[in-house]
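Sequences listed follow chains A and B, in order. Just so we're aligned, residue 4 is where the first sequence starts under the working numbering, counting upward by one. Just so we're aligned, residue 166 is where the second sequence starts under the working numbering, counting upward by one.
Read the hints as simulated data drawn from the structure, not as lab findings. Backbone N, C-alpha and C fix where the C-beta goes; we use that ideal spot for every residue, glycine too. Heads up, some of the hints might be wrong.
What the hints assert, rightly or not - So, partial list: chain B residues that the calculated Cβ filter (under 8 Å) puts toward chain A: (1) Ser298; (2) Leu299; (3) Leu391; (4) Ala396; (5) Gln411; (6) Arg590; (7) Ser591; (8) Thr629; (9) Gly633; (10) Gly635; (11) Arg636; (12) Ala692.
The lines below spell out each chain.
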Amino acid sequence: MSVPKLLVAGLASVLLAGCAGPAVPAASSPASSAAPTESHTITVITHDSFALDKATIAAFKAESGYDVTLVAPGDVGTVVNQLILTKDAPLGDVVYGIDNTFAGRAVTAGILSPYTSASLPKGADAYAADDAHSLTPIDYGDVCVNADTEWFTAKGLAVPATLDDLTDPRYKDLLVVENPASSSPGLAFLAATVGAKGDPGYLDYWKALKANGVKVAKGWTEAYTVHFSGSSGKGDRPLVVSYSSSPAYEHKTEVLTGTCFRQVEYAGVLAGAQNEVGARKFIDFLLSSDVQAQIPEQMYMNPIDPDVKLPADWTTYAATVTDPITVPVADLATQRETWIKAWTAAVIG
Amino acid sequence: MTGTVAVEAARGGSVRRGGGHAWVWAAAAALPVVFLAVFFAWPVAALVARGFVIDGAFTLAGVQEVLSSARTWRIVGQTLAQAVVGTAVSVLLGVPGAYVLYRCRFPGRRVLRAVVSVPFVLPTVVVGVAFQSLLTPNEPLGFLGLEESFPAIVAALVFFNYSVVVRTVGALWSRLDPRAEDAARTLGAGRIRVLGTVTLPALAPAIASAAALVFLFCASAFGVVLVLGGASYGTIETEIWYQTTQLLDLPAAAALSILQLVVVTASLLVAGATRARQERALRLSGNPVDAPLRVGDLPAVAVTAVVVGGLLLFPMLSLAWRSLVTADGLGLANYAALSGTTGQSTVSVWQALANSLATALAATLISVGLGLLVSYVLSRRPASASGRRWLRTLDAVFMLPLGVSAVTVGFGFLITLNRPPLDLRSSWLLIPIAQAMVALPLVVRTLLPTLRAIDPRLHEAAATLGAGPGRVVATIDLPFALRGLGLAVGFAFATSLGEFGATSFLARPDRPTLPVVIFQLIGRPGAENFGMALAASVVLAALTAVAMGLAEWIGPKEVNPW
Chain A
4 MSVPKLLVAG LASVLLAGCA GPAVPAASSP ASSAAPTESH TITVITHDSF ALDKATIAAF
64 KAESGYDVTL VAPGDVGTVV NQLILTKDAP LGDVVYGIDN TFAGRAVTAG ILSPYTSASL
124 PKGADAYAAD DAHSLTPIDY GDVCVNADTE WFTAKGLAVP ATLDDLTDPR YKDLLVVENP
184 ASSSPGLAFL AATVGAKGDP GYLDYWKALK ANGVKVAKGW TEAYTVHFSG SSGKGDRPLV
244 VSYSSSPAYE HKTEVLTGTC FRQVEYAGVL AGAQNEVGAR KFIDFLLSSD VQAQIPEQMY
304 MNPIDPDVKL PADWTTYAAT VTDPITVPVA DLATQRETWI KAWTAAVIG
Chain B
166 MTGTVAVEAA RGGSVRRGGG HAWVWAAAAA LPVVFLAVFF AWPVAALVAR GFVIDGAFTL
226 AGVQEVLSSA RTWRIVGQTL AQAVVGTAVS VLLGVPGAYV LYRCRFPGRR VLRAVVSVPF
286 VLPTVVVGVA FQSLLTPNEP LGFLGLEESF PAIVAALVFF NYSVVVRTVG ALWSRLDPRA
346 EDAARTLGAG RIRVLGTVTL PALAPAIASA AALVFLFCAS AFGVVLVLGG ASYGTIETEI
406 WYQTTQLLDL PAAAALSILQ LVVVTASLLV AGATRARQER ALRLSGNPVD APLRVGDLPA
466 VAVTAVVVGG LLLFPMLSLA WRSLVTADGL GLANYAALSG TTGQSTVSVW QALANSLATA
526 LAATLISVGL GLLVSYVLSR RPASASGRRW LRTLDAVFML PLGVSAVTVG FGFLITLNRP
586 PLDLRSSWLL IPIAQAMVAL PLVVRTLLPT LRAIDPRLHE AAATLGAGPG RVVATIDLPF
646 ALRGLGLAVG FAFATSLGEF GATSFLARPD RPTLPVVIFQ LIGRPGAENF GMALAASVVL
706 AALTAVAMGL AEWIGPKEVN PW
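Next up, chain A with everything else stripped away, as it sits in the complex (with noise of 0.2 Å):
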């Protein structure tokens, strides 16, 4: 056999190894049915938007005795379709940043192993995504249209109130939303006027809103920064999807608080975890004043917990959003993945 032969050879061989597949492991018992499992090491799974002061960390460390590994593959969706793809072996002992857009696939995949904490704030069972508790509420943030205030006040033009004032031809090339195919706002949008206007109504409204010159951007960064006048970007539209706390660092813009959907972000112990214990410690951790108190200021969202003092700048600035845009969660798990092809037909053709 000449030399190259055996190369092709020896990656052939390693390729079909590669093809056989890994054996799948012998399903692990039920976590009820068992003592919880514990490790001194935990793995933690997050969305990459997750932030915390270093210093909570290493007090989360020094505390459990854990040696703590995070890790960040992506956005939501990135992070809950691998979870689903390594069921079997899972990657980690606990998730968080699954929203509410995701959380009825989480669920219904048989990923997540329940648990009801001890530290959750009362009113937190308002945002609770099944009755088993698979999930645990960390956080949450209004998804709205924000208002360049200064352009109005310059134009004479009253601030749209509405989601059927954004059809009005007054506001016409005025709106930049995000693609809900490739962002998580976006989604959050759609599924706000899916809330509103009934399936199949959103379709009539978005075809309205494109009849009415919306633009549509990949992601918040691109629609935020660079097409929404009341950003640095200084772009030239100035009503932007975003959130309810963004007026909060960028003081001359306000929100429409009538176009709000309530995002709500989760933890979760994976099922098959090699550390329960630990992995239902982290999620006490989350909910903890401490954490609580930095997510506005780390991750732009609200903490669960309403004793939790929010920083000035938001209290001023950030909007309240009383009667948020709601959806269920069951028909978010089965009808996105519907919707978000049916308003690609409409809107983008």
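Start from chain A and add chain B according to the hints.
Leaving out everything else, chain B in the frame of chain A:
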């Protein structure tokens, strides 16, 4: 006498050499092949294989559905158009650039060479935002009406890949013995004729190498396409990302991955065949050959000035300018903020920079080590036709990681490297490994043209004089390889510094690299975060320029193996 003046005697393929030392090749090739198999072929194959299994049974249904949809073929068409046009423009503009920057002598040349390499590592999300910002209606270039257009994407692709052409072609051009050109001139050929019949044919292998690389980069471009392409534009790469990460539709992703492999393999075969036709031993000069600028260089200088000034420097300078804009006018506040962590991020930008440097160092060691081995094997000229065919296959195989989606590799890792001793899924080591795989093709393409151009008679002469195979490698091949090494190290280091696609899947929030932190910063509201993202990008760009400049400067200047 034509282009073969310098190469007449070589006739590479007919010369039998080193035939008795097949084991040397095997040993040299084994390590890189195993590396590629474990960290690339296996994960990709395993994930694609999942696409053919629905509910535990093998089926072609999911794949067929994708292949029969008109949308799929529109996406394939857009991918090909983008890659072909991006490559053609990069080569057309890059070859004159290679001439000016590597064959002409003028003050500031070294700095300029480093500057053109900077775009190559800038984070795509920042470049996307920078280009987009220049092209929106209110901005300086808004009047062009190029927002979300095909030309905007091509311009961005050329922005990233110009230096690949300039450096790959320039490295060979600077060593091309001028005597063949001189002889042709003496015999009455005009400058154009000399260029067409002597110079370009001699450079063809390097041009083909560069074109293949750029094609792969353009075909698999991700971030910049998403940002600049607008919502209805899609390529195979963006579609794989969507189907895999957002929908977990593995059959659809598998079908697209196979299409991607077909496109990439076809392009590599074309490039390989072109190289094989053109490649021959060249007479290389021991020292770089250059001459002061002459009037006749004016067209090349003009083209290069427009490209470097308008397409490269203008967006970069506008980025640098905006990094200085703060709430209280121009200043360095954004840079001062880089050292803080309060309320911004888990680690400061400087810590992220240190992480990036450590990761890049590891990735460079891996990719250059493996790259030397691969290049050495690939530079052989086996006597048999089948031997040459295998070598060409091996060559193409080592290029594949550039053209295959980071999403496919990243998700493939998850289902393959999940058991001891290879449970690396949350290991830091996987990041430099993934980066090294992306850098390896660049290292090989940089080293190979110089190694392949070694006149086989040198080896024969050495062997005749009694030198063993080890001695031949040490005294002939290695000094030649070292000439390209500075550049290869620079490319590997820069690739690793700027790598985002593969890195983002493996990102560790407590130990992020600089591009990951930049991505986070630009994804947050507020002028401070945006300013910090720009300032951090400028730091990354400056670091790259310094690294590339150093790499070129450190490379041995006096090697004379003749």
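Evaluated hints:
Hint status for Ser298 of chain B relative to chain A: holds, with the closest Cβ pair at about 6 Å, below 8 Å. Interface restraint check: Leu299 of chain B against chain A, minimum CB-CB distance 10 Å, threshold 8 Å, status violated. Using the Cβ-Cβ criterion of 8 Å, the hint placing Leu391 of chain B at the interface with chain A is satisfied: the shortest such distance is roughly 5 Å. The closest approach between the C-beta of Ala396 of chain B and any C-beta of chain A is roughly 4 Å, which is under the 8 Å cut-off, so the hint is satisfied.
The restraint placing Gln411 of chain B at the interface with chain A holds, with a minimum CB-CB distance near 4 Å, inside the 8 Å limit. Nearest Cβ of chain A to the Cβ of Arg590 of chain B: about 6 Å, under the 8 Å cut. The hint holds. Using the Cβ-Cβ criterion of 8 Å, the hint placing Ser591 of chain B at the interface with chain A is satisfied: the shortest such distance is roughly 5 Å. Interface hint at Thr629 of chain B: violated, since its Cβ lies 24 Å from the closest Cβ of chain A, which is beyond the 8 Å cut-off.
For the restraint placing Gly633 of chain B at the interface with chain A, the shortest Cβ-Cβ distance is roughly 19 Å, beyond the 8 Å limit, so the hint is violated. Evaluation of the Gly635 of chain B hint against chain A yields a violated restraint, the C-beta minimum of about 18 Å exceeding 8 Å. Because the smallest distance between the Cβ of Arg636 of chain B and any Cβ of chain A comes to about 21 Å, over 8 Å, the interface hint for this residue is violated. Residue-level restraint check for Ala692 of chain B holds (minimum Cβ-Cβ distance to chain A is 4 Å; threshold 8 Å).
Hint check: violations occur at hints 2, 8, 9, 10, 11; the rest are consistent with the structure.
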